[in-house]
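Listed here are the chains, written in short residue letters.
There are 2 protein chains.
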Amino acid sequence: VILTVTPNPALDVTYTVDRLVLHASHRVSALREMAGGKGLNVTSVLAQRGIPVLATGPVGGQAGARLVADLDARDIAHELVPTSGETRRTVTVVSEADGEATAFNEQGVELSPHEWSLLLSAVARLLDTYRPQVLVASGSVPDGFPADGYAQLVEVGHAAGCRVIVDASREALLGSLAARPDVVKPNRHELVEATGEQYPVAGARALQAMGARQVVASLGEDGLLLVDASGHVVRAALAEPLRGNPTGAGDAAVAAIAAGLSDGLDWETVLADAVAWSAAAVLQPVAGQGEDDDITRLRAGVRVWRD
Amino acid sequence: VILTVTPNPALDVTYTVDRLVLHASHRVSALREMAGGKGLNVTSVLAQRGIPVLATGPVGGQAGARLVADLDARDIAHELVPTSGETRRTVTVVSEADGEATAFNEQGVELSPHEWSLLLSAVARLLDTYRPQVLVASGSVPDGFPADGYAQLVEVGHAAGCRVIVDASREALLGSLAARPDVVKPNRHELVEATGEQYPVAGARALQAMGARQVVASLGEDGLLLVDASGHVVRAALAEPLRGNPTGAGDAAVAAIAAGLSDGLDWETVLADAVAWSAAAVLQPVAGQGEDDDITRLRAGVRVWRD
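Chains as they are written, first to last, in my numbering: chain A, 1 to 307; chain B, 1001 to 1307.
If you're looking for bench data, these hints aren't it; they were derived computationally from the structure.
Owing to the predicted nature of the structure, the values given are computational and were not obtained by experimental measurement.
Each hint should be verified, as a subset may be incorrect.
Said to hold, decoys possible - Far from chain B, some chain A residues (derived; all Cβ distances over 12 Å):
{"#": "1", "residue": "Gly61"}
{"#": "2", "residue": "Ser112"}
{"#": "3", "residue": "Leu118"}
{"#": "4", "residue": "Leu120"}
{"#": "5", "residue": "Ala179"}
{"#": "6", "residue": "Ala229"}
To be verified - For the chain B half of the interface with chain A, some residues (derived, Cβ under 7 Å), not all of them:
{"#": "7", "residue": "Tyr1015"}
{"#": "8", "residue": "Ser1025"}
{"#": "9", "residue": "Arg1027"}
{"#": "10", "residue": "Leu1031"}
{"#": "11", "residue": "Gln1062"}
{"#": "12", "residue": "Thr1102"}
{"#": "13", "residue": "Val1109"}
{"#": "14", "residue": "Leu1219"}
{"#": "15", "residue": "Val1304"}
{"#": "16", "residue": "Trp1305"}
For each residue, glycine too, the CB sits at the ideal point set by N, CA and C.
Modelling step: build the complete structure from the supplied sequences, incorporating the hints.
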């Protein structure tokens, strides 16, 4: 089983409008609510692929109850930690005229030190109970999340014999590195932001110098870049770029990496899968999705090469 | 006391972002939740002016509970009718860079015939218990609201000896007219939409031909236009137009008209007050507000004239 930790879950609300116009008033023609936050998107992708996965993270209030209801409706296993603060919402407005999405992300309420320690012990308990091969810790962090919070998660994961994947940005990413996460997965922008390096390979090597064992950078249309533990560079990409909704593409890549590590696949296979899962997510209107048929078709068109 | 009926209340959520950019992802820097829907905005303005007011309407679910909590926090009297469906939300995104607002209005869930009859009997009971001088029925209507729903409200109001003000649009406005509402308050766009007349005076006379006793049209920067029961035309406007957030300006005008009718003021005074209350609302970032100082200052600059 794969265990996912989402420190800052969200109730993802999608509003469909005819055409989004600045400074206008819009009638919402369709409304959809789903469990969100990057770790729960990863969970959702894995569950949809039929891969055993269990989710944890803090949830609270009425939005939290609806997030749980969505997970239950989709038969996604979870052991969430109740918090006093209400789970944040994200509102994504999809403009039907052009298919484009505009997103508004609430920050969420502060996690108290007590709530953080409850979350960390819940993770330790779940690692002990379910013995996952892979722990995924993913997404933005709420106020009150310790600077080394992701490092603490990596440490409890390693102590339980797990490989640990961290998908975070800025201080949260940097704060994870001292604990030597097995994989970090920044995107191009996050890599520049965290390291100051303009070139992805240089950025990935900088993260390795700070402690990351392996770095997979998601580069949009340019696919994925791996710098492995020996410093070798492997790339994977679609032969032709795809149009669609990039939200959740990175989470689908993380899901594929988690599945690949869990199954002991070689990195070239893992990267090719990750590109295909990611591309299938681009074809979906909301994060955390991807059709099997799309994955099979897209997988056949993935190129993998060494620099 | 003034009784307000809001057939389609909303939890108004305001998101502040640095700058709203189409197709981008935004961090919400401030979040505010308030009771909304046009009738509740009218209620809020009256309560802020210290005028006795009581609100009714259907509310349900978690958003409904938060709407009620906001009314309670602001000491606004209400006797709301519980419904099975969840109260809708509206999300207004305020872009700090330019102060402009972009709104997304959920439609809300259907009102069942049983819930409509509960609402109508609640209104009849409140009229009987509190003997208001004025009934305000205001705003959009949910699915399931009868075509003559506003007419039924006008009838129960008249039966209890109330003057009734209807602020509605399209079919809901047209459906009210047979019951001869004392005042209807369309804006320029709603007047054209309901009557097909391009000129406000012609539109107002068309509504009177269909049953409205008096029509006050809100014309934005051109102020207010009254066509009274004798067919005379009175206008009121600020000497200079005001910049700001027009959301809720019409509701503030309705509040002033309700207060004026309740106090038996002459129409010229009512219109001048309505322009000042409306203008004070334009200076506020959210609907249902207006500062006393602004009203006093703006009131001095209102011109009232007969065509």
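Hints, one by one, checked against the model:
For Gly61/A, the condition that its CB be more than 12 Å from all CB atoms of chain B is violated, with the nearest at approximately 8 Å. No beta-carbon of chain B is positioned within 12 Å of the beta-carbon of Ser112/A; the least distance is around 19 Å. Chain B leaves Leu118/A outside its interface by the beta-carbon criterion, the shortest separation being 24 Å against a cut-off of 12 Å. With a minimum CB-CB distance of about 26 Å to chain B, Leu120/A clears the 12 Å threshold, and the non-interface call stands.
With a closest Cβ-Cβ approach of about 27 Å to chain B, Ala179/A is found to remain outside the 12 Å limit, as its non-interface label requires. With 12 Å as the threshold on Cβ separation, the claim that Ala229/A sits away from chain B holds: the shortest Cβ distance comes to roughly 33 Å. With its C-beta approaching chain A no nearer than about 5 Å, Tyr1015/B sits inside the 7 Å limit, and its interface hint holds. Among the interface hints, the one on Ser1025/B holds; its C-beta lies about 4 Å from the nearest C-beta in chain A, closer than the 7 Å criterion.
At a threshold of 7 Å, the smallest CB-CB gap from Arg1027/B to chain A is about 6 Å, leaving the interface hint in force. For Leu1031/B, the interface hint holds, the least distance from its beta-carbon to any beta-carbon of chain A being 6 Å, beneath 7 Å. Annotation: interface hint on Gln1062/B holds; nearest CB of chain A at approximately 4 Å, less than 7 Å. Against a cut-off of 7 Å between C-beta atoms, the interface hint on Thr1102/B holds, since the closest Cβ of chain A lies about 6 Å away.
Hint status for Val1109/B relative to chain A: violated, with the closest Cβ pair at about 10 Å, above 7 Å. Nearest Cβ of chain A to the Cβ of Leu1219/B: about 18 Å, over the 7 Å cut. The hint is violated. Among the interface hints, the one on Val1304/B is violated; its C-beta lies about 30 Å from the nearest C-beta in chain A, farther than the 7 Å criterion. Evaluation of the Trp1305/B hint against chain A yields a violated restraint, the C-beta minimum of about 31 Å exceeding 7 Å.
Of the hints listed earlier, those the structure fails to meet are numbers 1, 13, 14, 15, 16, in rising order.
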